[in-house]
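Using the hints provided, position chain B with the ligand relative to the given structure of chain A.
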Amino acid sequence: MSVMEDRLSPNQDDFYNALIAAHEGLGEADSHALNARLILLMANRIGDLGVLQDIITTARSYSDA
Amino acid sequence: MAYDYQPYPYVAPPGLSAPETRHAVVIVGAGPIGLAMAIDLAQRGINSVVLDDNNVVSVGSRAICWSKRTLEIFDRLGVGERMLDKGVTWKIGRQFHGGDQVFSFDLLPEEGHRYPAFINLQQYYVEEYLVDRAREFPDLIDIRFLNKTIAHEDHGDHVTLTVETPDGNYTLETDWYIACDGAGSATRERMGLSFEGQTFQEQFLIADIEMEQSPFGDDKVPERWFWFDPPFHSGKSALLHMQPDNIYRIDLQLDVDADGTEEAREENVIPRIKAIVGDKPFRLDWVSVYKFRCIKLDRFVHNRVLFVGDSAHVVSPFGARGGNGGIQDVDNLGWKLARVVQGQAPEALIETYNEERSHGSAENILNSSRSTNFMTPKTPIEALFRGEALRLAKDQPFARKILNSGRLSLPCSLEGMSLQTQGVAQIAPGQVLVDAPLSGEDGDTWLLRQVQGDFTLVGFGDVLLPELPGIRRIGINTRADYPCFTATHNHAMRRYGSSNAYLFRPDGHICAVFDTPTRKDVAHAYAKALGAELEATQ
Ligand SMILES: Cc1cc2nc3c(=O)[nH]c(=O)nc-3n(C[C@H](O)[C@H](O)[C@H](O)COP(=O)(O)OP(=O)(O)OC[C@H]3O[C@@H](n4cnc5c(N)ncnc54)[C@H](O)[C@@H]3O)c2cc1C
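Chains as they are written, first to last, in our numbering: chain A, 6 to 70; chain B, 520 to 1057.
This is chain A alone, in the form it adopts within the complex (with noise of 0.2 Å):
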């Protein structure tokens, strides 16, 4: 797990309120759908291999399982 730098702010709330903007009016499924597709868009615009494998292991990491 990294502590990540913040990159965000000061356009945390825009942010935040777009993304969950984005989702209303999506049932369970086609919100899962636009997740999964966030992320690889988000994913290749990273582009770095080794950024994107430490995200994935500091996310994991929170998981209980």
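The reader is advised that the hints may include incorrect statements.
As the list claims (entries may be wrong) - Among the chain A residues that face chain B by a calculated CB cut under 8 Å, a handful are:
no.	residue
1	Val8
2	Met9
3	Asn22
4	Glu33
5	Gln58
6	Tyr67
I should point out that these hints are in silico values taken from the structure, not numbers from a laboratory. Glycine included, each C-beta is placed from N, C-alpha and C at the ideal position.
Same frame as chain A, but now just chain B with the ligand:
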């Protein structure tokens, strides 16, 4: 001890027996906004009549958090120090998830400001202090309690209104009608103005309790604590604030379909409070159940009828942007209306009150509705994102910033709007003043005391300021034939730069900046700030 509500006396108004001559300004509503408006105008020599349908200050638990900017404005209006003395100063906010603290913030870690980021002070005290202050202007402010406006009509260049009193009705004529009649504004309704926006379904139980011991733990720490999903109130949010007189404010989110009247019953409230404060004894001071809205009028200026405060905009209280936003309305309108009434500026200047404060209010609404949305997830996916943000927030700084329990009231910027002259400086034109300590011939003072109230040109470092009628001049860290001050601990120089000049408006917003302030450039910026270019374009 519970606040002792002293009714203000009703005095039969002159209009009942004979027609009154036309007034310059009638203010409908003596809440914090109407009272502040009357004081602002009085300090500029403008008469007003203030009508209120009631005769006591605000009853129950309403505003408690007053922002730094509000205190600075109240300093100018003569009640800032009194509020600061009585209020509880806090600047640390803590956020909890379940029983664990996930994040704390320090609102103003910086030295060298007269006023703190926030104080907590019950609205009834604020109104009491404002009434006391208004009474220091017996020739300029005529407050009439138990005078309810029941009708009004705009006649183009003046407004007539019908007022109901215990002794019957009478009519008044006024050049300007300022509607400070609050969120339920009957003025707005009579004019059929649409007032629509987001209404939140969630209900909130708001309780003020008095207790000797502190619910914050062992110390009486004046902080703001916010819980997402607290152990004592599962699945909902809770907020705790300290107020003067050992009074604490508790906000608890309720179920969407909760029965408000039932929830507000003492026997139902007490167990909820006990769940938070445990066995420490307390007295219930006030309880209400609210639903919140985030709404504004499209326009605040309707010819001779001007909407100020809650009549123009309402927000949910998370972020304390309601009353604080209204006080900024007053600050913005006061000098403009005074200039127009005194014939020193075109009527179009009033329209910039709409431009500037409508923008400020939209910013307040955006922030307040986002906070309320974050606190009350509407869909499983919203709840999921929020839950994961909370989980990440334990270690990840970016996630802490996503947590939103209220983005606390800050003044808006007026950059790029009609009255400002474009320019580049450390603090851009449109921004509001940043305070700093100064020392001068008469001792220590604050930048805010030297610049607020009138147009003021301030030179930082070795810049020479031209003399212009109507503009006050001060120099900082320089010598000249106008008042000069030293920047204590150099705060002012660090904040503004060391060789430039700023032109402040009477409301403390910067309207122009200069490397070399020539007479011509300053005169131009001053005229622009007074609406000279507005008339030309109309
Ligand atoms: C639970 C809660 C918590 C809040 N917390 C905060 C906070 O922490 N910080 C903050 O800044 N704000 C807060 N607010 C908002 C704040 O209380 C309001 O923004 C503020 O009271 C607005 O002031 P006002 O003068 O515009 O309106 P009001 O205070 O509503 O005053 C309107 C006045 O007009 C009078 N009136 C109405 N109709 C007539 C008529 N026809 N004729 C004559 N008089 C009339 C009324 O009697 C009243 O005196 C909170 C509000 C609530 C409900």
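Going through the hints against the structure:
no. : hint  : verdict
1   : Val8  : holds, 5 Å
2   : Met9  : holds, 6 Å
3   : Asn22 : holds, 6 Å
4   : Glu33 : holds, 7 Å
5   : Gln58 : violated, 17 Å
6   : Tyr67 : holds, 5 Å
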